[in-house]
Amino acid sequence: MFKTLAKYAVVGGFNTLLHWVTFAAVYYSFSHDQMISNFAGFCVAVTFSFFANARWTFKSDHTAMRYFMYVGFMGVLALACGYMADKIGLNPVITLVTFSAISLFVGFIYSNYVVFREKQ
150 MFKTLAKYAV VGGFNTLLHW VTFAAVYYSF SHDQMISNFA GFCVAVTFSF
200 FANARWTFKS DHTAMRYFMY VGFMGVLALA CGYMADKIGL NPVITLVTFS
250 AISLFVGFIY SNYVVFREKQ
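Here the numbering used here is used: the first residue of the sequence shown is 150, the next is one more, and so on.
Because the hints were derived from the structure by calculation, they are not lab data. Idealized CB from N, CA, C, for every residue including glycine. Be aware that one or more of the hints could be misleading.
To be verified - Here are the in silico distance ranges between beta carbons for each label pair:
no. : residue 1 : residue 2 : range
1   : Tyr177    : Thr247    : 30 to 38 Å
2   : Gly162    : Ile243    : 14 to 22 Å
3   : Gly162    : Gly224    : 14 to 22 Å
4   : Thr153    : Tyr177    : 29 to 37 Å
5   : Lys156    : Gly238    : 17 to 25 Å
6   : Ile243    : Glu267    : 35 to 43 Å
Whenever a hint applies, use it, and build me the whole structure from the sequences.
Following this line, the structure appears as structure tokens:
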């Protein structure tokens, strides 16, 4: 389990970089709306994350159904974090750090036990 979590964290590091760069580009260039910016960053990062984790971390098939399960769940999480940040006027950097931490742990649990679980 620790080795799997470590691999997931490495992919998560690259995923986080992609997310933050996309968030900043959208937020500062197009829209000062954190919900939209967080969701855009999420879309770019989650696609990379899904395929990298399927292949390297979990050594699992990357089917369309698994992709949509992962994207749907994590997308709701991204939108909810962005929405709450907008509602309480949270600084965008704090939003990114908070979402990154939440998504690392929640995403690992969901990926390990739901999306990429081995068939019994």
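Status of each hint after checking the structure:
1. Range check, tyrosine 177 to threonine 247: Cβ separation about 19 Å, and the 30 to 38 Å hint is violated.
2. For the hinted restraint 14 to 22 Å between glycine 162 and isoleucine 243, the CB-CB distance of approximately 19 Å keeps it satisfied.
3. Taken as a hint, the range 14 to 22 Å holds for the pair glycine 162 and glycine 224, whose Cβ atoms sit roughly 21 Å apart.
4. Separation of threonine 153 from tyrosine 177 is about 36 Å and conforms to the stated range, judged on CB atoms against 29 to 37 Å.
5. With their beta carbons about 37 Å apart, lysine 156 and glycine 238 fall outside the hinted range of 17 to 25 Å.
6. Separated by about 37 Å at the C-beta atoms, isoleucine 243 and glutamate 267 satisfy the suggested range of 35 to 43 Å.
In the structure shown, a violation is registered for the earlier hints numbered 1 and 5, in ascending order.
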